[in-house]
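Starting from the given sequences, assemble the full structure and let the hints guide the process.
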Amino acid sequence: MTASHQLVPRLLALSIVGVIVQTAAVAQLPIAGASADLSPLLVMAVGLLCGSLAGGCFGFGVGLLVDIVSIQTLGVSSLVLLGVGYAAGRLREARDPEGTLVPLAAGALATLLFSVGFALMQFLLGAASPVGWALVRQTLATLVVNALIALPVYALVRRWLLAALPEDRRRRRRRTYTTGGLSPLSRS
Amino acid sequence: MYDKTVRRRRAVLGLLVAGSLILLTAYFGESGGGALHGVQRGTSEVLNPIQEGASVALKPVRDLFGWFGDTLDAKGKVEELSAERDRLRAELARQDNATYENARMAKLLKTTGALGLDRYGPKTGRVILASPTVWYATIRVNKGSSDGVRVGMPVINEQALIGRVTAVFNGAAQVTLLTDTSASRPSAGVSSRAGKRNVFGVLEPLGAGNPNDLVLENVAPGSKLKPGDRVVTRGTVSDPSHPSLYPPGLPIGVITRIDREGTDTEEIHVRPYANMKDLDFVSILTRPRAGGA
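The listed protein sequences derive, respectively, from chains A and B.
Per the working numbering: the first sequence = residues 8 to 195.
Per the working numbering: the second sequence = residues 19 to 311.
Everything labelled a hint here was simulated from the structure, so no lab data went into it.
Hints may be right or wrong, so weigh each one.
Unchecked claim - Some chain B residues close to chain A (C-beta under 7 Å, calculated; not the full set):
id: 1; residue: Gly60
id: 2; residue: Val64
id: 3; residue: Leu65
id: 4; residue: Ala72
id: 5; residue: Ser73
id: 6; residue: Leu76
id: 7; residue: Phe83
id: 8; residue: Ala148
id: 9; residue: Val152
id: 10; residue: Gly225
id: 11; residue: Ala226
id: 12; residue: Ser301
Glycine is no exception: its CB is placed at the ideal position from the N, C-alpha and C atoms.
Set out below in structure tokens:
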């Protein structure tokens with residue numbers, strides 16, 4: 008079985024376990040008046056590791072699962088998380104950021120994108136709710152909590168997907184350096 | 019090769035966006051018994067046992083995090099609670115005499131309890147799922163149609179009324195909390211009584227992400243309500259086709275403040291007794307009309 012063939016079942020398992028853990032445990036843990044939301048973090052991590060196509064598809068799938076499990080309007084989370092996954096994937100493809108704190112910043116951005124996108128969709132669908140301080144505070148609290156757990160979530164997702172990830176430029180580059188052939192140090 | 023990859027990527031993205039929009043439009047347009055709702059319910063039916071198992075298995079983790087949260091919260095409340103303790107001690111001394119007289123009065127009247135909820139057939143269940151977003155104030159309870167639970171039944175916790183059942187599965191029920199404002203489930207305002215003068219009004223959620231604030235609407239002018247007045251169910255709902263959804267006299271909350279008092283745009287804020295963010299076990303009243311309301 009090739010790496011890309013292993014990727015699909017691993018992503019499927021990740022989405023199911025992620026959504027169940029989110030709804031059965033994480034959503035019931037209030038931290039500073041808000042709860043962490045794993046779904047944008049999982050989608051961000053997959054987008055950063057696997058690219059825009061896999062990120063978008065994974066976002067759509069996770070969103071659909073969240074909507075089904077939580078008996079919410081079908082399609083809302085799918086649409087927003089699809090955008091989150093695609094954006095994270097494009098970030099990797101276009102910029103290939105390497106910093107240790109990239110998942111933290113990307114996690115915060117993904118959460119912000121998801122919260123704002125979800126809120127916009129709700130307003131477009133006619134939710135009768137004013138944009139009050141309480142809503143802003145809850146959104147900010149979720150954003151902070153998600154940013155704090157973004158690094159461990161990214162590390163867990165990376166560990167789970169590592170064996171199934173296609174060869175990426177960074178890993179290839181590191182291996183080349185360790186063999187000494189093209190290392191800038193060996194040329195000097 | 020690059021063009022082909024980009025074209026493929028864009029085509030998949032377009033397909034997924036179109037898929038989401040079609041799902042959304044179809045779901046929003048169909049009735050509660052439509053095909054997509056059926057698929058959603060069917061899938062939930064399959065996933066409910068898994069979620070219940072996961073909820074039980076992850077309870078120690080939740081409790082651990084809850085312990086940390088409670089400890090931090092408790093540290094912050096020490097001063098506040100010390101002041102309250104001193105005030106209550108003084109009040110207790112004054113109340114001793116009144117308590118003695120009240121106890122005698124209670125014996126005379128043979129009161130059997132303030133609420134007497136047993137006649138409403140309460141079914142206690144564990145919360146196995148909570149909505150992950152602030153926009154949907156919903157929970158899932160591990161009691162369903164096989165336990166006699168039906169759509170519309172009121173749900174309480176150990177503190178007060180928290181909401182009503184909005185979807186029922188074989189072994190689980192979806193409960194929409196009083197604070198839910200989502201567009202797909204317009205809230206059934208709770209017809210309420212407030213204060214000593216039993217002023218009638220309809221309790222509505224204030225807005226998303228606001229689990230501690232409800233608004234009492236349709237209150238007659240000059241009601242003379244004031245902060246501290248208690249709010250309980252009146253025993254009817256605003257929708258006349260479903261009368262007496264909630265039994266009368268269930269505690270809901272307390273009035274915290276009144277904005278623009280005495281004007282036509284008066285806004286009466288009510289803080290629910292129940293902590294909607296911390297629900298573990300709840301009771302579904304399976305015979306809500308047993309009181310004869």
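Each hint tested on the structure:
no., hint, in the structure
1, Gly60, "violated, 9 Å"
2, Val64, "violated, 10 Å"
3, Leu65, "holds, 6 Å"
4, Ala72, "holds, 4 Å"
5, Ser73, "holds, 4 Å"
6, Leu76, "holds, 4 Å"
7, Phe83, "holds, 5 Å"
8, Ala148, "holds, 4 Å"
9, Val152, "holds, 5 Å"
10, Gly225, "holds, 4 Å"
11, Ala226, "holds, 4 Å"
12, Ser301, "violated, 18 Å"
When the structure is compared with the earlier hints, violations turn up for hints 1, 2 and 12 and for no others.
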